[in-house]
Structure formats: C-alpha cells, structure tokens
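Asks: Just need the whole structure built from these sequences, with the hints factored in.
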Amino acid sequence: MSHERSVEPDDPTRAPRTGRVQPASPSGTRPAVATAAGLPPSTPQQLLALQQLAGNRAVTGRVAQPNPVQRMVTQTGLKSEHAMKVLKNHLKGDPPFKPQRGNFGAVSWFAGSGNPYVGGQAQSYDITVDVLINPDPVRLPATYFAQFMQQYVAQTGADLADPDTHHDFWVALGRALETGGAQQVPIDQSAVSRQGGGTFVVVGGSARESITLANPAKLAQDLGGGEALTKTVEARRTRLAPRFTVVFDRVAPDQARAGAPLAALQAYIARPAGLTRSEKDFPAMGWGEKKVPASVEVTFTLTYPDYSIARRQAKRLATAIGDGRLVGHQVRVSGGPGWSAKATRSYRS
Numbered sequence: 001m002s003h004e005r006s007v008e009p010d011d012p013t014r015a016p017r018t019g020r021v022q023p024a025s026p027s028g029t030r031p032a033v034a035t036a037a038g039l040p041p042s043t044p045q046q047l048l049a050l051q052q053l054a055g056n057r058a059v060t061g062r063v064a065q066p067n068p069v070q071r072m073v074t075q076t077g078l079k080s081e082h083a084m085k086v087l088k089n090h091l092k093g094d095p096p097f098k099p100q101r102g103n104f105g106a107v108s109w110f111a112g113s114g115n116p117y118v119g120g121q122a123q124s125y126d127i128t129v130d131v132l133i134n135p136d137p138v139r140l141p142a143t144y145f146a147q148f149m150q151q152y153v154a155q156t157g158a159d160l161a162d163p164d165t166h167h168d169f170w171v172a173l174g175r176a177l178e179t180g181g182a183q184q185v186p187i188d189q190s191a192v193s194r195q196g197g198g199t200f201v202v203v204g205g206s207a208r209e210s211i212t213l214a215n216p217a218k219l220a221q222d223l224g225g226g227e228a229l230t231k232t233v234e235a236r237r238t239r240l241a242p243r244f245t246v247v248f249d250r251v252a253p254d255q256a257r258a259g260a261p262l263a264a265l266q267a268y269i270a271r272p273a274g275l276t277r278s279e280k281d282f283p284a285m286g287w288g289e290k291k292v293p294a295s296v297e298v299t300f301t302l303t304y305p306d307y308s309i310a311r312r313q314a315k316r317l318a319t320a321i322g323d324g325r326l327v328g329h330q331v332r333v334s335g336g337p338g339w340s341a342k343a344t345r346s347y348r349s
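In the numbering used here, the protein residues as written are 1 to 349.
Keep in mind that the hints were calculated from the coordinates and are not lab data. Each hint should be verified, as a subset may be incorrect.
Okay, the calculated beta carbon distance ranges per label pair [what the hints assert, rightly or not]:
id: 1; residue 1: Ala241; residue 2: Gly322; range: 20 to 28 angstroms
id: 2; residue 1: Gln151; residue 2: Asn115; range: 51 to 59 angstroms
id: 3; residue 1: Ala258; residue 2: Ala341; range: 26 to 34 angstroms
id: 4; residue 1: Ala267; residue 2: Gly225; range: 51 to 59 angstroms
id: 5; residue 1: Gly322; residue 2: Asn89; range: 13 to 21 angstroms
id: 6; residue 1: Ala341; residue 2: Pro163; range: 37 to 45 angstroms
No more than 25 angstroms apart at the CA atoms, straight line, and that leaves these computed lysine to any residue pairs for SDA-like [unchecked claim]:
id: 7; residue 1: Lys290; residue 2: Asp254
id: 8; residue 1: Lys98; residue 2: Gln151
id: 9; residue 1: Lys98; residue 2: Thr319
id: 10; residue 1: Lys98; residue 2: Ala220
From a predicted model like this one, the values you see are computed outputs, not experimental measurements. Glycine residues also receive a C-beta, built at the ideal position from the N, C-alpha and C atoms.
Replies: Below, the structure is given as structure tokens:
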C-alpha cells in the first residue's frame with residue numbers, strides 16, 4: 001500500500017535550497033571561442049596530407065584566455081561519412097565524438113605538438129574538423145611513454161622493430177589511457193614513431209563532454225551545407241516534449257525531508273526552466289528479519305526550453321547513474337512523450 005501526495009513545485013527562479021547546479025549555456029554546451037589566432041599557419045591540404053601519413057592526426061595550437069583556464073583547439077581530419085555523424089551529434093546536443101568507439105583503445109586521439117605517429121593502418125581523409133578541448137588536458141610525465149613501452153615489451157615479448165607489431169602496441173596504449181579523461185601524452189621518437197616525437201591528446205569516455213566543435217558552421221558548409229540534417233534535427237526539437245521524469249525509489253523518509261534527491265540531481269544536470277515534485281509514501285511492512293522499513297518514492301518532472309536540451313540533460317544524468325556516481329540512490333530516468341529509449345541512454349552505454 002502507498003500514500004501519494006503532491007509537493008509544492010520548486011520555483012526555478014528561486015535559489016536552490018540544497019546542493020549546487022552546474023552552470024550551462026542555453027544550448028547545454030560550453031561556449032565556443034575564437035580559434036583562428038591560435039592555429040599554426042597550415043593549409044587544409046597540408047593538414048590532410050599529415051592525416052594521410054599518420055592515421056588520426058591533428059595540428060594544434062593554444063587559445064590565449066584572460067583567465068587561468070586553458071582551452072586547446074585542434075583541427076583533425078575525418079572521412080565525410082564520419083564527419084557527418086560528428087555534425088549530427090553536435091546538432092542533437094550531444095558531444096560530437098564517441099571515444100568509446102575508438103580504433104586504438106576506447107579513446108579519441110588528437111595530436112598536440114611535434115610529429116608523432118599513432119596507428120598501424122593507412123587512412124585517408126577529406127574533411128577537416130575544428131575541435132575544442134576544455135578544460136586543458138592533463139599533461140602526463142615526460143617519462144610516461146618510455147616506461148609504458150618498456151613494460152609492454154616485457155609483458156608481451158613484442159619486437160617493436162617489426163612494423164607488424166605496432167597496431168597492437170597503440171591499441172594497448174589507448175586502453176591504458178581509457179579512464180584518465182583528457183590527457184596530453186608525450187610520444188618519444190622511437191621504433192613505433194620513427195618519423196618524430198611530440199605529444200598526443202587522448203580523450204576517454206569520462207571526458208567526452210570536454211570535446212566540442214569549435215566551428216560547426218564551417219563543418220556544415222564543408223559537408224555541403226547540411227540543410228537536410230539540420231531540418232531533421234530541428235523537426236525533432238520542435239515535435240518532441242522538452243521534459244523528462246526522474247524517479248528516486250525507496251528513499252529513507254529523513255533523506256527525502258532533507259532534500260537529498262534534489263541535491264543529487266543538482267550535482268549532474270543544468271537547472272531546468274520548470275520542475276515539479278511529487279512523493280509517494282510506503283509504510284513499513286512485515287516483521288522481524290523480513291520487515292521492510294518505511295520509504296518514500298520521489299518523482300521529479302524537469303522541463304527545459306526545448307527537446308534537445310532536455311535530452312542532453314537526461315543523458316548526462318543517465319551517464320552519472322551508470323557510472324555509479326549517485327551512490328546510495330536507486331534512480332531511473334523516463335523520457336517525455338515521443339522520446340525513444342535511446343534518448344535516456346547513457347553517453348557511454
């Protein structure tokens with residue numbers, strides 16, 4: 001048996017009572033910054049030639065900021081069909097790249113400096129993509145690569161002088177970096193990078209949201225305008241409900257009264273335009289070892305300016321749930337009218 005009651009809706013214009021809300025721009029993404037001044041004077045043809053030589057490569061520069069936060073900007077080469085998927089992800093409100101689908105570990109690779117090599121397979125590209133990484137990737141120690149290479153040879157017995165062994169080596173390095181977020185990795189000139197050394201920027205799934213498109217309008221133009229794709233995404237944005245529901249199951253009554261579910265929400269999603277809250281009481285039942293204590297089911301309905309923003313927040317919350325960051329809470333997310341099951345799926349599922 002349960003007892004349901006309505007709770008006064010939280011006023012979205014009023015300061016939250018508990019926890020913190022992560023700030024976000026109206027689009028649900030971090031703002032882009034001007035990039036041209038920070039890029040080295042390379043032509044697109046030179047960039048594409050570099051890509052063709054060395055797999056997933058890029059040329060990077062730094063964007064000077066008036067505050068201590070550094071943002072790294074890079075141009076990377078992609079095949080047209082992959083660039084279209086990147087643009088579609090951006091238009092949907094998602095992070096553009098999917099590190100979990102990387103070919104060399106579940107990470108995305110971007111070049112940072114110098115002329116290092118990663119791969120073991122020939123690739124060709126016809127589109128350059130401006131990418132912004134914010135905040136600045138963590139720099140690993142200068143000795144990291146040499147130590148990893150020594151350990152890899154000791155564990156596998158691989159002869160790295162043989163180019164046929166290089167693909168597996170780079171896959172192993174990528175796997176070792178999967179959980180480290182955004183990292184700048186030193187690459188020494190060696191048997192696996194004979195053409196030179198430098199750094200790579202490697203971004204794992206936990207830092208997927210640190211990657212944004214620095215110039216999506218240019219990418220759309222390079223892909224022929226992208227009008228059809230834009231219209232498809234816009235139609236969905238205006239057709240589908242801009243809200244979703246979050247249910248906290250079996251919350252202890254004292255935690256519900258203290259606002260623990262709301263605080264958990266505020267830690268992982270942007271503040272909604274509207275929020276309603278309801279509760280359902282479950283009294284204690286049974287006796288002895290089989291006694292089930294009293295609990296409360298707390299339901300939030302969150303509304304955002306449009307579907308794309310709501311969907312992004314739902315996926316961010318689903319990712320936090322999947323990662324086990326909502327410790328002590330049993331939470332489920334349900335989309336609004338018209339939402340597909342994928343719309344409430346974790347970014348890393």
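Asks: Next, verify each hint and record whether it holds.
Replies: Checked hints:
| no. | hint | result |
| --- | --- | --- |
| 1 | Ala241 to Gly322: 20 to 28 angstroms | holds, 23 angstroms |
| 2 | Gln151 to Asn115: 51 to 59 angstroms | violated, 25 angstroms |
| 3 | Ala258 to Ala341: 26 to 34 angstroms | holds, 33 angstroms |
| 4 | Ala267 to Gly225: 51 to 59 angstroms | violated, 40 angstroms |
| 5 | Gly322 to Asn89: 13 to 21 angstroms | holds, 19 angstroms |
| 6 | Ala341 to Pro163: 37 to 45 angstroms | holds, 44 angstroms |
| 7 | Lys290 to Asp254 | holds, 21 angstroms |
| 8 | Lys98 to Gln151 | violated, 28 angstroms |
| 9 | Lys98 to Thr319 | holds, 13 angstroms |
| 10 | Lys98 to Ala220 | holds, 19 angstroms |
The earlier numbered hints that this structure contradicts are 2, 4, 8.
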